[in-house]
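Undergrad: What follows is the residue order along each chain.
There are 2 protein chains.
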Amino acid sequence: MGQTLTEKILEDHLVEGTLETGEEIGIEIDQVLTQDTTGTLVWLQFEALGLDEVQTEIAAQYCDHQTYQFDFKNTDDHRFLRSAAGTFGAHFSRPGNGICHNVHKENFAAPGKTMLGSDSHTPTPGGLGELAIGSGGLDVAVAMGGGPYYIEMPEVVNVRLEGELPEWSTAKDVALEMLRRLTVKGGVGKIFEYTGPGVESLSVPERTTITNLGTELGATTSIFPTDEKTKDYLARQGREDVFEDIGPDEDAEYDDEIVVDLSDIEPLIACPSMPDNVVPVREVAGETVEQVIVGSCTNGGYEDILPTAKMLEGREMDKKTEMIVAPGSKQASEILARQGWTAELMAAGVNFSEATCGACIGIGHVPASDSVSLRTFNRNFEGRSGIEDDNVYLCSPEVAAAAALKGEIVDPRDLADELGDLEAPGVELPEKYDGSKADLIAPDEAVDDDLVKGPNIGDVPLKDPLDAHLEGEALLKMEDNITTDHIIPATQDILMYRSNVPKLSEFTLSRVDDTFAQRALDSDGGFLVAGENYGQGSSREHAALCPMFLGIEGVLAQSFARIHKANLFNFGLIPLTISAEDYENIEQGDDIEIVDDVAEAVASGQEEFTVRVNDDWELTAELDASERERRILAAGGKLSLTKQQYENEGGAAPADD
Amino acid sequence: MGQTLTEKILEDHLVEGTLETGEEIGIEIDQVLTQDTTGTLVWLQFEALGLDEVQTEIAAQYCDHQTYQFDFKNTDDHRFLRSAAGTFGAHFSRPGNGICHNVHKENFAAPGKTMLGSDSHTPTPGGLGELAIGSGGLDVAVAMGGGPYYIEMPEVVNVRLEGELPEWSTAKDVALEMLRRLTVKGGVGKIFEYTGPGVESLSVPERTTITNLGTELGATTSIFPTDEKTKDYLARQGREDVFEDIGPDEDAEYDDEIVVDLSDIEPLIACPSMPDNVVPVREVAGETVEQVIVGSCTNGGYEDILPTAKMLEGREMDKKTEMIVAPGSKQASEILARQGWTAELMAAGVNFSEATCGACIGIGHVPASDSVSLRTFNRNFEGRSGIEDDNVYLCSPEVAAAAALKGEIVDPRDLADELGDLEAPGVELPEKYDGSKADLIAPDEAVDDDLVKGPNIGDVPLKDPLDAHLEGEALLKMEDNITTDHIIPATQDILMYRSNVPKLSEFTLSRVDDTFAQRALDSDGGFLVAGENYGQGSSREHAALCPMFLGIEGVLAQSFARIHKANLFNFGLIPLTISAEDYENIEQGDDIEIVDDVAEAVASGQEEFTVRVNDDWELTAELDASERERRILAAGGKLSLTKQQYENEGGAAPADD
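Which chain is which? The protein sequence lines are W and U, in order. Counting from 1, position 399 in the first sequence corresponds to residue 387 in the numbering used here; the numbering is continuous, with no gaps. Counting from 1, position 602 in the second sequence corresponds to residue 590 in the numbering used here; the numbering is continuous, with no gaps.
Since the hints were derived computationally from the structure, they do not count as laboratory data. If a hint is listed, it holds; no wrong ones were tucked in.
Any copy will do: because identical chains look the same in the list, a pair fits if it lies in one copy or spans two.
Derived pair list, reagent style SDA-like, types lysine to any residue, alpha-carbon separation capped at 20 Å:
| hint | residue 1 | residue 2 |
| --- | --- | --- |
| 1 | K465 | E494 |
| 2 | K307 | L439 |
| 3 | K298 | G328 |
| 4 | K173 | C259 |
| 5 | K425 | G302 |
| 6 | K307 | A430 |
| 7 | K308 | D436 |
| 8 | K465 | G577 |
| 9 | K631 | R619 |
| 10 | K425 | R303 |
| 11 | K420 | G302 |
| 12 | K465 | D579 |
| 13 | K308 | L439 |
| 14 | K631 | D455 |
| 15 | K217 | D233 |
| 16 | K298 | Q327 |
| 17 | K465 | E520 |
| 18 | K420 | G328 |
| 19 | K(-4) | E241 |
| 20 | K631 | R618 |
Between the sequences and the hints, there should be enough to build the whole structure, so can you do that?
TA: As structure tokens, this is what we get:
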């Protein structure tokens, strides 16, 4: 039976399991990527593992989220990241050099390689045939140490492209069409593999726009085969040597198939406030637009900004509309500047920003109240722009530039009819991507050989192996549906302590009870008690790490959200399921004692645990955990387990975890 | 007797008083300038005056301080300012178009004109022979309404320039030499008039660097005569028509004279943390530099950035040093981009920022902790960069670029010796300043004819004329040396409400007593009681406006800081001086009644007032006020007075106030 491209790459990297949908597999990782908001913790974890050197072929640390450096903590983080990259052997991309996905695509992405990145848009290089997956920071740290990455084998879906895009329709519209059809949940547990005759009509930058937006479908990743266009792109980047001709077998079998006829695609737009709220641009034409932003890892490349420059050249933006261009990389900025396009955009009234994620994550250029903002970004979740009740639309650079010219939403085909002399810019790659590499510091050019930690950068705590005897107070009893936002709020005033676990821990569960953190610190251990669906929402690891730092031993809940439960294992907190009746009977302040030898029971696969409350009555709690999760829990968390393995094996990468 | 240039311009604009040092004069204002952090209140005051149209020849509203738009309140402010400029007839410079002083110099500054601006570096266009003075926002609002500006006639000091600057020495070094000699207090109550044979060796951009930095001397303003260089500069800006040949009479008499021999000037640097802490660069050579920033209204012009581009072309910055270039205007950005210099700077590793004040006021690019930052700015007050205990040095663009190349402070002459092929870039103007005007919206291009107020933009309250009978509770009794920072804290979380007086007022004196604001609102009037030196520190008007909003009628203090006392008059609060003994005897909560007919007594020039406390005992308080201040106070403040006059006179500018 023929293989999909996904199966070929996974088989090449498989260290554990079999490639059957739903089965857990362990794969070797060739490249890792981290950025500045997740990277500090990744490197602190790497340090805590006691390792000396990065084991992957490529590790790259980017500074892209907080490049405006509003606070010295941002600048300190960047300096720490530079020192970590230098000390441990990663490439370091200086603040201002661009967004991780763009810079990685330009410099490191390679067909057939696997990549893990601590950013949700990590799948971007799938457009070059790299299998790239976003994950939590701890997984990245472990992968950097040479450990495999574990994942349930996703379904592989064939997205068959036919035809060619008409004028004014773009790769962004292809991705928006996918979102329109499948919704933001349509890709969960899936890998989208693009195939068919339409592939060859798309340039690599167009392909990476599509793979980038696969994240919005909830997909594990998206991938294209390689071809002459891939080879040509790599050659223009001066990296033809990494080209490999890869693709699925002709008789590959997929779990599902979707057909997209490119020739049917028209200019689309995602309306507020979800990326799948997609309609043809003409349906919302006439809406007054106060702000237009072109940029982000989705549409911030040279090939994305050039069309807007061609459209704006010799024209002026509408005077009530502000347009900001935030290039995705300095390579794009430099080439556009060298070719004179930057001056043309400025002449039209465009405000050029640094190369940064910036506004896409609500940092800078927050829209005015009660106004419409058109953005070439990937997400328009309500409030993400930095203001509640925002009206953010997602569209192609062409639709964005058309709105800037007219001051309202307009299908560029209609604007072209109106103006008479506006031509469809099409897609054009530069002869050579000849930007400077001055801002990319290779491991052998490193300027640091030791970590530089500002006062806000702490160490990552390690937990000891699970005790035989667990006992402590029920320090906090909570309702149903406690989110990770309740556990660690994501507001800027709190998340700026992301690299400072002791400080951040002070805010643990403060939205539920602001005395909790101090009470937990003052106690010798203790438990959390919760209702249904504990830990729903964002996947942030701090929601397990901070309770661990405060000494919490476990959580007794009626049920757990999936990702948070995994994080509890990863940080060594035992997640026990209890009945509704027992939940009702436990009071905050009760003494909780697990009667079993916990270390032994967890290791041996025991599922039922006897919990004694106030030395007065007993309940039965369940532990639902895989063998791997039990090993992690018993060791005191994934970091502790990995460290033990490294120490046992003299620093070599662990073969079986 | 011959006249100084200052006297000539003032005489041309004099509407009240005589030109004798120390005497109060009233002058007509030709141009006004406001920026985004002070401008909202200026326009709200203009609106409160009930006026329809700007009366000055030029009014220009810039958006430069908060162009990163971190918060929707920034963006709303910009939109409000655009609508105010459109509604009332001012030019509007969009966010991203540059710093007010740079854009004003390029587009509006004209020899022989007077200008008032609500920004301390307003004197910048003095380099073109304009007499430009920084002031509070209310003075700007009144001037926009056609009212005169009142000031005590300053001393006029002749700064005689001889010789010519050597290679690698710059206008910045001239200004630093002035600071070295005179200190940051050396210019208080003075106007510096530059004369002598050295003047003609300096280009207009060099002259404006010097006049800009006159603010750091504490000077009222600084001014240069005009000459062929002025004419040539204006011609390159396409504005030769505004040229006038002006200068002092040969026998002009000055209050003082300073001689600066330009040929003696060497590269200088202001060390942390005061602009007058100036030493030769060689004295601090070798200090490791982590951050270099070129920009600001002092050194953010094309002529400032070009030398750094020439120095960095074909070279790479030190890898441990970050260099940010924040152009002072889009005109500069566009010309640099068009000529290819932007690409060269990026290639060397420079991170290009938007055209903004930004880092100069601690917004963005905050230095890392315990690190050195070299900046071409005008101020290095401790903490102004956004981090306490900062190490900010001020220098020329050439010294900044040298540090970026070497990674440490170095005299560029020594670096040139070391490198062998580094030539002094000198000063070069572009053939034509041919940047686009797309971002400067003239009154006849306005897109708004009504004010657009976001939810954070309130109205400015007006006070009624002074009552005959003032009585109320002593709502707060304070110690000596209460600063305006105590009255209205300047932290970002509070000052973001600067356009929202009701909200901002909630924080009034919260650092002294956080129940005060609510108690004041709940009371029907009331008084503040303070010790010595009440209201010292920053000149912010909100420190009088907010107590006024809360209903405070007056302040009884042992003594007042000068500027805050003027602000109390301007907002209609009576400042009464009491003895130390009476201060001791008044308790918070006492009932305070002014026995006299206050309105009548203030108007008639009465100096002693009888204050009855708790209907039990009496004290004598003094009112020290000029006739003009009494008229302002009696009317309920300057805004109320001006409004009454406008209403009485059918909207015409008041002749005598």
